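Asker: Sequence:
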Amino acid sequence: MGDTWIKLYRNLLDKPIWLQSTAEQKVILVTLLMMVNYAPADWEWNGKIYTCQPGQRVTSLEGIAEKCGKGISIQNVRTALKRFEKLGFLTNESTKSGRLITVANWEKYQGGEDEPNKEPNKDLTKTQQRGNKDLTTRKESKKNKKDRKKEIYKSLPPELHGPVDNFLEMRKAMKAPATDRALELMLKKLDELSGGDTGTAVKILEQSIEKGWKTVYPLRGEKNQKDDGGFMNL
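Position one of the sequence shown corresponds to residue 1 (full-length UniProt numbering), numbered consecutively onward.
There may be inaccurate statements among the hints.
Unchecked claim - Distance condition first, Cα-Cα at most 30 angstroms in a straight line; then the derived DSBU-like pairs of lysine-lysine:
{"hint": "1", "residue 1": "K150", "residue 2": "K7"}
{"hint": "2", "residue 1": "K48", "residue 2": "K86"}
{"hint": "3", "residue 1": "K70", "residue 2": "K26"}
{"hint": "4", "residue 1": "K189", "residue 2": "K211"}
{"hint": "5", "residue 1": "K150", "residue 2": "K211"}
{"hint": "6", "residue 1": "K172", "residue 2": "K149"}
{"hint": "7", "residue 1": "K175", "residue 2": "K211"}
{"hint": "8", "residue 1": "K211", "residue 2": "K188"}
{"hint": "9", "residue 1": "K154", "residue 2": "K189"}
{"hint": "10", "residue 1": "K82", "residue 2": "K48"}
{"hint": "11", "residue 1": "K67", "residue 2": "K7"}
{"hint": "12", "residue 1": "K203", "residue 2": "K172"}
{"hint": "13", "residue 1": "K149", "residue 2": "K211"}
{"hint": "14", "residue 1": "K172", "residue 2": "K189"}
These are calculated hints, taken from the structure and not from any lab test. Just so we're clear, the structure is a prediction, and the values are computed from it rather than from any experiment.
Construct all of the structure, not just a fragment, from the sequences and the given hints.
Answerer: Here it is, written out as structure tokens:
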């Protein structure tokens, strides 16, 4: 019973049984909802074996007060039961051997679940597993991106690392971050435009940053330098 749950409808807040109840009575009300059975169960009551139906519970004033916890007295429970019965929330039958509490309309408001809490737990487990899997995937993706970026940078002269970083930061500021593939294509184009000359490549990158261009273009007013080598080796 401890791993099951109950439904609390929001419109309870507008009902007299809630609006006109004391703080102690509200605690008792919710506690009773959690105490009654959610499935049929056998109890010995009045000297006989009695099957308690969903929404019923054989208990005592002391038992209810104990379940309610600190601050709730037996007198609080007695007063609440009388009030709840008057409002039609429950029926309350007492004998020397116990007290049968029956919550009215239990099936209407709490029914419809053959296995309370089991399916939600399954869904929760699936959600947690999916969340953990997604988190792992994101971590792996970030690691792969970092590794790929390192591989790309290995093919560049150290003098280009700073300008390339500045270019990528400029793209991020424009809310158009470059993917690894876009970076590779840009560097290949940069290699062609600069003829493999590092100084020219730096100037081309600075030109794009200054103009706010998302890619690289030939230097204005200068002829491209040609070289048989090139700094790219992708």
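Asker: So, for every hint listed, does it hold in this structure?
Answerer: Quick rundown of the hints versus the structure:
1. Straight-line distance between C-alpha atoms of K150 and K7 comes to about 54 angstroms, which puts the hinted pair past the 30 angstroms bound.
2. Between K48 and K86 the alpha-carbon distance is near 28 angstroms, which keeps this suggested pair within the 30 angstroms criterion.
3. In summary, the hint linking K70 to K26 is supported, as the alpha carbons are separated by about 14 angstroms, within the 30 angstroms threshold.
4. Restraint check for K189 and K211: satisfied, since their Cα atoms lie roughly 17 angstroms apart, inside the 30 angstroms limit.
5. Taking the CA atoms of K150 and K211, the gap is near 27 angstroms; set against the 30 angstroms cutoff, the hint holds.
6. For the hint linking K172 to K149, the alpha-carbon distance of about 16 angstroms falls within 30 angstroms, and the restraint holds.
7. This hinted pair checks out: K175 and K211 have alpha carbons roughly 16 angstroms apart, not beyond 30 angstroms.
8. With a C-alpha separation of about 20 angstroms, the suggested pair K211 and K188 falls inside the 30 angstroms cut-off, and the hint holds.
9. The hinted pair formed by K154 and K189 meets the criterion: a straight-line CA distance of about 17 angstroms does not exceed 30 angstroms.
10. Between K82 and K48 the alpha-carbon distance is near 26 angstroms, which keeps this suggested pair within the 30 angstroms criterion.
11. Among the hinted pairs, K67 with K7 is consistent with the structure: their alpha-carbon atoms are about 19 angstroms apart, no more than 30 angstroms.
12. The straight-line distance between the Cα atoms of K203 and K172 is roughly 20 angstroms, inside the 30 angstroms bound, and the hint therefore holds.
13. In summary, the hint linking K149 to K211 is supported, as the alpha carbons are separated by about 25 angstroms, within the 30 angstroms threshold.
14. Distance check on the hinted pair: K172 and K189 sit about 20 angstroms apart at the alpha-carbon level, within 30 angstroms; holds.
When the structure is compared with the earlier hints, a violation turns up for hint 1 alone.
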